[in-house]
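Heads up, the sequence shown is in our numbering, so the first residue is 1 and it goes up one at a time.
Read the hints as simulated data drawn from the structure, not as lab findings.
Since the structure is predicted, the reported quantities are computational estimates derived from the model, not experimental observations.
Please note that a few of the clues may not be correct.
The calculated lysine-lysine pairs, modelled on DSS-like cross-linking and capped at a C-alpha distance of 27 Å, are [stated by the list, open to error]:
(1) K62 - K212
(2) K129 - K32
(3) K101 - K55
(4) K25 - K87
(5) K62 - K25
(6) K101 - K25
(7) K275 - K212
(8) K55 - K93
(9) K62 - K32
(10) K212 - K93
(11) K55 - K155
(12) K155 - K129
(13) K32 - K55
(14) K212 - K250
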Amino acid sequence: MALLQPTSLVFTVERQEPELIVPAKPAPHECKLLSDTDDQVGHRFQIRGLHIYRKNASMQGKDPVRVIRETVAETLVFYYPFAGRLKEGPNRKLIVDCSGKGVLFIEGDADVTLEDFGDSLHPPFPCFKELLYELPASTDLPNSPLLQIQVTRFKCGGFIFAHRFNHTMSDAVGLIQFMSTMGEMARGAVAPSIPPVWERHLLNARDSPLVKCAHLEYDHDKAATGTIMPTDNLVHRSFFFGPTQISALKRSIPDNLRCSTFDILTACIGRCRTKALDLGPDEDVRFICIVN
Numbered sequence: 001m002a003l004l005q006p007t008s009l010v011f012t013v014e015r016q017e018p019e020l021i022v023p024a025k026p027a028p029h030e031c032k033l034l035s036d037t038d039d040q041v042g043h044r045f046q047i048r049g050l051h052i053y054r055k056n057a058s059m060q061g062k063d064p065v066r067v068i069r070e071t072v073a074e075t076l077v078f079y080y081p082f083a084g085r086l087k088e089g090p091n092r093k094l095i096v097d098c099s100g101k102g103v104l105f106i107e108g109d110a111d112v113t114l115e116d117f118g119d120s121l122h123p124p125f126p127c128f129k130e131l132l133y134e135l136p137a138s139t140d141l142p143n144s145p146l147l148q149i150q151v152t153r154f155k156c157g158g159f160i161f162a163h164r165f166n167h168t169m170s171d172a173v174g175l176i177q178f179m180s181t182m183g184e185m186a187r188g189a190v191a192p193s194i195p196p197v198w199e200r201h202l203l204n205a206r207d208s209p210l211v212k213c214a215h216l217e218y219d220h221d222k223a224a225t226g227t228i229m230p231t232d233n234l235v236h237r238s239f240f241f242g243p244t245q246i247s248a249l250k251r252s253i254p255d256n257l258r259c260s261t262f263d264i265l266t267a268c269i270g271r272c273r274t275k276a277l278d279l280g281p282d283e284d285v286r287f288i289c290i291v292n
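Based on the sequences and whatever the hints tell you, model everything.
Written out as structure tokens, the structure is:
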């Protein structure tokens, strides 16, 4: 298990003016409904991430900013809802207005190399503000771009692709499918090998809703007086479990039991958290894992 410390590196990114990238060809102008699952309050936020690409000799002479700018436009022909905007209907129901206004794109150049970061190119990444510019209006979910991209070149020839997208529109798997299509377009494809499908109605609740199972994990604990984890002095660190650590954890369980990597990591983290908080033996706790 490796514990990675944040970097103290100070650097500057020179950004160009933000621009809007629209689909390379005319796309349908229509409104699309989100499902009841997508539309819930807990999904109304933006997810950010970054992808790091070191210098590749085979890409000599190719500008990543130009290539990505062009392939985003080509990909939006098939993923045109991403170029639209959210708006609220009756009862705060979200609707995607496929207006073709475009996704936000920013070009940047850093005055350091990727090697200058050492071993700190892992979450929690300490320099998001430099690598993903935040426009004041981009934090308002309705009427703001559904996808924002910043491509930052580094002196070594590598670059970082940073993004922020609206979670009501997509999850991480959906965005990876979008990026995979970008890669196919960059290699000369005229259409994605896996075409996107909009069938959000499959995730709508029954009319009227029918609850068949009691989900106690979502019950409100009236006896709770506040959070059991203090939030004023939290420290973010990354812990990486490799094959050696996973094997060691699995050897700690009885021979007659079998468990997946997800099972053993979830149990390990849950036990460590409970022990660290020094909870009482009769304390009820909830453990939530974000999975696809």
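Do the hints match the structure? See the list:
1. K62 - K212: violated, 56 Å
2. K129 - K32: At roughly 32 Å apart (the allowed maximum being 27 Å), K32 and K129 break the hint.
3. K101 - K55: violated, 33 Å
4. K25 - K87: holds, 24 Å
5. K62 - K25: holds, 24 Å
6. K101 - K25: Given pair K101, K25 holds - Cα atoms ~13 Å apart, limit 27 Å.
7. K275 - K212: Violated - the C-alpha atoms of K212 and K275 are around 35 Å apart, more than 27 Å.
8. K55 - K93: violated, 45 Å
9. K62 - K32: violated, 37 Å
10. K212 - K93: holds, 25 Å
11. K55 - K155: Holds - the C-alpha atoms of K155 and K55 are around 10 Å apart, at most 27 Å.
12. K155 - K129: holds, 19 Å
13. K32 - K55: violated, 40 Å
14. K212 - K250: Between K212 and K250 the Cα gap is close to 35 Å, so the pair fails against 27 Å, i.e. violated.
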